[in-house]
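There are 2 protein chains.
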Amino acid sequence: MSGSPDSKRQKTADGPKPSHGVEYELIYWPGIPGRGEHIRLCLEEGGASYTDTALVEGEGGGAPAVMAQIAASNKGTATSPPPLAPPILRHGDLTISQLPNILMYLGPRLGLAPGSADGASSSAPYMINQLALTALDGLSNEPHDCHHPVAVGDYYEDQKEEAKRKSKDYVQNRLPKFLGYFQRVLEGEASGQGPWLHGGALSWADVVLFQCVDGVKFAFPKALTAAEKSGKYDKVFALHAAVQERPKIKQYLESSRRQKYSMGIYRYYEELDFDLEG
Amino acid sequence: MSGSPDSKRQKTADGPKPSHGVEYELIYWPGIPGRGEHIRLCLEEGGASYTDTALVEGEGGGAPAVMAQIAASNKGTATSPPPLAPPILRHGDLTISQLPNILMYLGPRLGLAPGSADGASSSAPYMINQLALTALDGLSNEPHDCHHPVAVGDYYEDQKEEAKRKSKDYVQNRLPKFLGYFQRVLEGEASGQGPWLHGGALSWADVVLFQCVDGVKFAFPKALTAAEKSGKYDKVFALHAAVQERPKIKQYLESSRRQKYSMGIYRYYEELDFDLEG
Chain A
16 MSGSPDSKRQ KTADGPKPSH GVEYELIYWP GIPGRGEHIR LCLEEGGASY
66 TDTALVEGEG GGAPAVMAQI AASNKGTATS PPPLAPPILR HGDLTISQLP
116 NILMYLGPRL GLAPGSADGA SSSAPYMINQ LALTALDGLS NEPHDCHHPV
166 AVGDYYEDQK EEAKRKSKDY VQNRLPKFLG YFQRVLEGEA SGQGPWLHGG
216 ALSWADVVLF QCVDGVKFAF PKALTAAEKS GKYDKVFALH AAVQERPKIK
266 QYLESSRRQK YSMGIYRYYE ELDFDLEG
Chain B
16 MSGSPDSKRQ KTADGPKPSH GVEYELIYWP GIPGRGEHIR LCLEEGGASY
66 TDTALVEGEG GGAPAVMAQI AASNKGTATS PPPLAPPILR HGDLTISQLP
116 NILMYLGPRL GLAPGSADGA SSSAPYMINQ LALTALDGLS NEPHDCHHPV
166 AVGDYYEDQK EEAKRKSKDY VQNRLPKFLG YFQRVLEGEA SGQGPWLHGG
216 ALSWADVVLF QCVDGVKFAF PKALTAAEKS GKYDKVFALH AAVQERPKIK
266 QYLESSRRQK YSMGIYRYYE ELDFDLEG
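Protein sequence lines correspond, in order, to chains A and B. Following our numbering, the numbering of the first sequence begins with 16 at its first residue and continues without gaps. Following our numbering, the numbering of the second sequence begins with 16 at its first residue and continues without gaps.
One chain only, chain A, in its complex shape (with noise of 0.2 Å):
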C-alpha cells in the first residue's frame, strides 16, 4: 500500500467505469460501515485492488451508482444469478452477493484461510465459515433486529416499544451467550496458538468478529463495557484489540475511509442501551 492511505481509492469525476485495472469491485451503500465493511477489512489485510462504490466520489459512486448496479444485475448473467442486494463482488465476471458467501470466497485468495493451502479437501474454509456465520447471525444480524424488530421497512421511532424489548432481551440474554461460546472458541484446541480464532493464523472470522464486536461496542457500549471489566470475554477483547493492530488495518482503520457507525446495522438509541444484568 502505497502513497496516502486514499490514494488506491478511485475518486475521479470522469466516468462510471472505477474497475479498470483493478482486481476487486466491492458494491455497498455509502454513509455507513455497515455489511460492506467485513468485506472491506479483508481486502486491506490482504492488500487487495479493489474499487467501493461507496467512497467513489460523483458519476460512477455513491448510492446512485449501488442502484444502477443492482438494476443492471437484475437478470443475472450467464455464469452468475442476480443478486438480491448489496454487498456485491465482482470478479472477473463473476457477480457474487451474500456476506458470509462473499468472505469465503475472498479468505482463501486474500492469505486469510490458515491450512487451506493444502488443497480442495482442506477443512479450513468450513471450519472457518461457521466462525463467522455464528459472529454474523449474533453479533451484526440480531443487533439489526434490535432497533427494527417488527417491520424492516418501517421507521425506528413506530417500532420504539417493540425496540425496548427486543434490546433488553437481546443485551441480557443473546449477546453473553454469543461473546460466551466466542470465549469458548478461543479457549479450544482448534484455535491454536495466538489470539486468533482457528489454526494459530489471522483468517477472515477473526476480521469479522472484529467488526462485530466493534460494532456492538458502539451500540451498546454499557454492556460491551460491563462485559469486558468482567473478565468472562477477555480472549474476545483481546482478539478485538489484535485485529485493530494489524498494520494494514490499523492505517485503514485511520483512513477516511473508514466510515462512522451511523444509522446502519448498528445504531446507538440511549434508551436501547441496556446494561448486562437486569
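Fair warning: there could be bad hints in the mix.
The list treats identical chains as one, so a pair stands whether inside a single copy or across any two.
Said to hold, decoys possible - Calculated lysine-lysine pairs in the DSSO-like style (CA-CA distance at most 27 Å, straight line):
(1) K90 - K250
(2) K247 - K90
(3) K192 - K90
(4) K192 - K175
(5) K244 - K90
(6) K247 - K183
(7) K237 - K175
Treat the hints as calculated values from the structure; they're not laboratory data.
Given the coordinates of chain A, work out where chain B should sit on it, guided by the hints.
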C-alpha cells in the same frame, strides 16, 4: 437405498454409538423438520449413509442425545471449534456446524453442486451458496422471527401482538420480494435448462428452496395459495414440485422419517395467516 424406507436409520436401543460404519452423523433436535431438514433432504437425495439422532429411538437418540453431544463438544476438538447449536454434522474427525456451512460442505460431496467438478477454482459452489443463504434468510429465518419477533426465549403467547405485526409485514412486503427474487433467478441465464436454480442441474440450493417453500406453505397457507394462483411465481412453484418428485426425495417424504411441521421454524397460527394483499 434398499429395504424399507426406514431400514438405514438406526433404531436399536442397544447403545449410544449409532455411527458405526455410517459415513455421516446428523445431530439435530427431534420432533420437527427444522433446520436439520435441509440436511436430511440433501443426504437422502445423495444416497448417503447417515444417522440422525432425532430418529434414533431409545438410548443414543432424541433430545437427551443431542444435549449430550452438545455438552461433549463444549470445548471443541483439535480439528474443530465447538459448535454453538444444532444442526451439527460429524464427518470423520470433523464437527461441522451452521446450516449453510454444512450444506456447502456436503453439496459437492453428494453430487449436488453442478459444475464444481472442474477443480477448486470453480465458482459453482459460491453461486449455489449465495442462493441457499438468501432462501434461508428470507424464507426460513424471517418466518421464524414472525412468531418470535422480540424474544426467542419467551413464549409465543407473550409476544402475540408483535407477532401479528411482524407477520403482516412479512407476508405483504417481504415474502413477495423473496418469491419474486427466486422467480428472477429461475428466469435468468445462469439457471440453465430445466427447473433448477443454477447450472441446469439439481443443487443443494434447489433442495433448500423446496423445503423453504414447503414450510411457508404450511405457515402461511392463505398467502401461498394466492401467490401460486397469481402465476407470478410459477417457476418457484414448479421447482417445489420438481424437487418433490425426485425419486429418493419422494420416497423419503412418504416415509416416517419425514417429521410433521409443528412448533418449530414453521408454525401455523390462524391469527398470523395473513393474505398477500392488505
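Evaluation of the provided hints:
1. K90 - K250: Between copies only: 15 Å across, 45 Å inside.
2. K247 - K90: between (49 Å within a copy, 16 Å between copies)
3. K192 - K90: between (41 Å within a copy, 15 Å between copies)
4. K192 - K175: The answer is both: 24 Å in one copy and 25 Å across copies each meet 27 Å.
5. K244 - K90: between (51 Å within a copy, 24 Å between copies)
6. K247 - K183: within (20 Å within a copy, 41 Å between copies)
7. K237 - K175: within (19 Å within a copy, 30 Å between copies)
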